[in-house]
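My request is simple: use the sequences and hints to build the entire structure.
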Amino acid sequence: MFCDQCGKPAAEGEHARCADRRTLEPPRFCVDCARRMVVQVTPTGWTARCSRHGELASSSRTPRRRTTVREFQEMARELPPIDVEQWRRDREADDAIFGDDRLDH
Amino acid sequence: MTTTQFSILDIARAQVLEEGVGLTQEQALEVLGLPDDALEPLLELAHEVRMRWCGPEVEVEGIISLKTGGCPEDCHFCSQSGLFDSPVRSAWLDVPSLVEAAKQTAKTGATEFCIVAAVRGPNERLMAQVAAGIAAIKDEVDINIACSLGMLTPEQVEQLAAMGVHRYNHNLETARSHFPNVVTTHTWEERWETLRLVREAGMEVCCGGILGMGETVEQRAEFAAQLAALTPDEVPLNFLNPRPGTPFGDLEPLDARDALRAVAAFRLALPRTVLRFAGGREITLGDLGARQGLLGGINAVIVGNYLTTLGRPAESDIDLLGELQMPIKALNETI
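Those sequence lines, one after another, are chains A and B.
Its first residue numbered 1, the first sequence is counted upward by one per residue in the working numbering.
Its first residue numbered 1, the second sequence is counted upward by one per residue in the working numbering.
Hints were generated in silico from the structure; no laboratory data involved.
Fair warning: there could be bad hints in the mix.
[What the hints assert, rightly or not] Which residues of chain B face chain A? A few of them, derived with a C-beta cut under 8 Å, are: (1) 62; (2) 89; (3) 91; (4) 104; (5) 242; (6) 245; (7) 282; (8) 286; (9) 304; (10) 305; (11) 309.
[Claimed, not checked] Under the rule of at most 25 Å between Cα atoms (straight-line distance), these lysine to aspartate or glutamate pairs were calculated in the DMTMM-like manner: (12) A/8 x A/55; (13) A/8 x A/20; (14) B/107 x B/315; (15) A/8 x B/252; (16) B/107 x B/139; (17) B/138 x B/100; (18) B/138 x B/204; (19) B/103 x B/252; (20) A/8 x B/139; (21) A/8 x B/85; (22) B/107 x B/282; (23) B/103 x A/55.
We put the beta carbon where it would ideally sit given N, CA and C, even for glycine.
Pasting the structure below:
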């Protein structure tokens, strides 16, 4: 992770000035790769685009963070249980149209 | 006539408030040298002058950067110069996004929208983009359009006037005597020439600068007098927000009391001019600055964000105007 204001590793060095600055500054560096971003400020917002990691907007100021495996597992537990028979029927219906896609077929 | 222990305030009351005659350079210097305990009566007088000669209306404006960064000039305060190691990267705004920004601005209640480009002067591509942008905005948004595109040729001035640009911004930035310490790639006189052309073409002249760039108090007074000699329709007052990577990146922001003294001094030197709070006020004056400025001579604000940095939310300033019972200047009305 990198500091979005100075582009240096977020966990190393002093970033107090960066934190102060953040209230009146859009992000300048990608937090994932430290590339300088193309920033467009508008009267009521901003966008910041990293050529590798895509675009952030003022509506999503919270820096992106990758979802952990544990969090994915917890999200999956929130989903309704799978109806196995329905899944099988859907798959057979797809196979009738697109052909069987099993590797060992 | 009210008398105070500070004779310059009595002089200003008689000369500026009663007669509408702005302070001279020497008088402005006296105002800038007033002690802290004179600040309150000074701001009150500046407010009275503003109310007397400009009225209670406040002109509200939004600004947008059409072309960001990569500028060949070396203005030492600017993060958009391509000559400095600044984190600001070049960007172009397309016409639909420009129209959207004008809509956002109009939604805040603003009646002015200023299109800005970080260039020495516009080339054909930029002029074409500006022409397309203005035409598209005029089709969809009811708002006055101003531009700030650097130094212009006489032909470009005519083209902008024909596009319907009602006001052109080109800041002298600082006193003539301090300018070579701020910019070396062009001169103060070149900027003055563009302002002369703009006035000749019938557009309103918007010209101000940035305070806190290492100028002396004497140079601040000199700058106020030089602006008064120009008689601009609008003076935007910025306060240096030191930008990382620029030669002025390590300067300390202006002291808040000095900033307010300067606001009042500029109002007293320019009693009939639109005096706009612009960039850096959040850094220099904090949240209370908007109120103190509006009660100390300011009668125009830039709301929302600036060109590359963020400002107070537009609604904070609009709410404040309501609280202070200062109406927003209506479209096509002159203060």
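Of all the hints numbered above, which does this structure not satisfy? Sort the numbers upward.
5, 6, 8, 19, 20
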